[in-house]
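A.B. asks: Sequence:
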Amino acid sequence: MREVRATDLPHIREIYNYYVANSTVTFDEDAMTLTEWRDKFYYLNKQGMPFIVAVSPAGQILGYALVSPWKQKKAYRFTVENSIYLGAASTGKGLGRELLAELIKRSKTAGLKEIIAVIADQGADASIKLHRDFGFEEIGRMGKVGFKFERWLGTILLQKSLK
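Count the sequence shown with full-length UniProt numbering and you get residues 1 to 163, in order.
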């Protein structure tokens with residue numbers, strides 16, 4: 001595990017865009033461009049937000065995790081939303097667990113207090129279980145707030161307090 005570098009962004013874009021095109025775990029419908037990823041990278045870096053990658057011994061990016069501001073209003077500055085995405089060949093091997101553990105650790109070090117996970121209510125059972133295993137508690141559900149692949153989708157909100 002290490003901090004993301006600008007040179008990692010094409011690989012991160014590839015991982016993320018796979019999920020955009022093939023799943024409902026993200027509600028994005030359009031692939032993110034490299035420019036959009038660069039903007040996000042520099043913004044999160046400026047905000048002091050953890051953004052990490054898991055790297056194979058050969059140097060291949062296997063997955064990534066980040067936190068980003070929950071809302072733009074200043075009073076929310078200690079609350080973040082997390083995102084974890086794995087390359088298709090890296091799922092089911094405990095890598096998501098390692099990324100989330102490191103992300104929580106770095107979020108505490110950064111002085112953050114609350115992490116929110118917004119997870120699709122369909123097709124994301126592994127993510128829900130992972131977050132619950134780390135002490136995230138369900139705080140709400142929103143039904144039919146997204147429409148992708150010709151069907152309505154809801155979200156499950158989970159929260160963890162960092163002490």
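Rather than coming from a laboratory, the hints here were simulated on the basis of the structure.
Be careful, since some hints might not be right.
Claimed, not checked - Listed below are the simulated DSBU-like cross-link pairs for lysine-lysine, each with C-alpha atoms no more than 30 Å apart in a straight line: (1) 144 / 105; (2) 163 / 144; (3) 160 / 108.
Claimed, not checked - Here are the computed distance ranges between Cβ atoms for each label pair: (4) 72 / 33: 37 to 47 Å; (5) 141 / 114: 33 to 43 Å; (6) 150 / 5: 18 to 28 Å; (7) 18 / 157: 35 to 45 Å; (8) 142 / 57: 11 to 21 Å; (9) 57 / 144: 23 to 33 Å; (10) 150 / 46: 34 to 44 Å; (11) 145 / 58: 36 to 46 Å; (12) 93 / 23: 10 to 20 Å; (13) 5 / 141: 31 to 41 Å.
Predicted model, so just to flag it, every value in this text is computed and none were measured.
Don't be surprised by glycine CBs; every beta carbon is placed ideally from N, CA and C.
A.B. asks: State for each hint whether it applies.
C.D. replies: To see whether the hints hold, each was checked on the structure:
no. : hint                  : in the structure
1   : 144 / 105             : 33 Å, violated
2   : 163 / 144             : 33 Å, violated
3   : 160 / 108             : 11 Å, holds
4   : 72 / 33: 37 to 47 Å   : 22 Å, violated
5   : 141 / 114: 33 to 43 Å : 18 Å, violated
6   : 150 / 5: 18 to 28 Å   : 38 Å, violated
7   : 18 / 157: 35 to 45 Å  : 25 Å, violated
8   : 142 / 57: 11 to 21 Å  : 41 Å, violated
9   : 57 / 144: 23 to 33 Å  : 44 Å, violated
10  : 150 / 46: 34 to 44 Å  : 38 Å, holds
11  : 145 / 58: 36 to 46 Å  : 40 Å, holds
12  : 93 / 23: 10 to 20 Å   : 18 Å, holds
13  : 5 / 141: 31 to 41 Å   : 37 Å, holds
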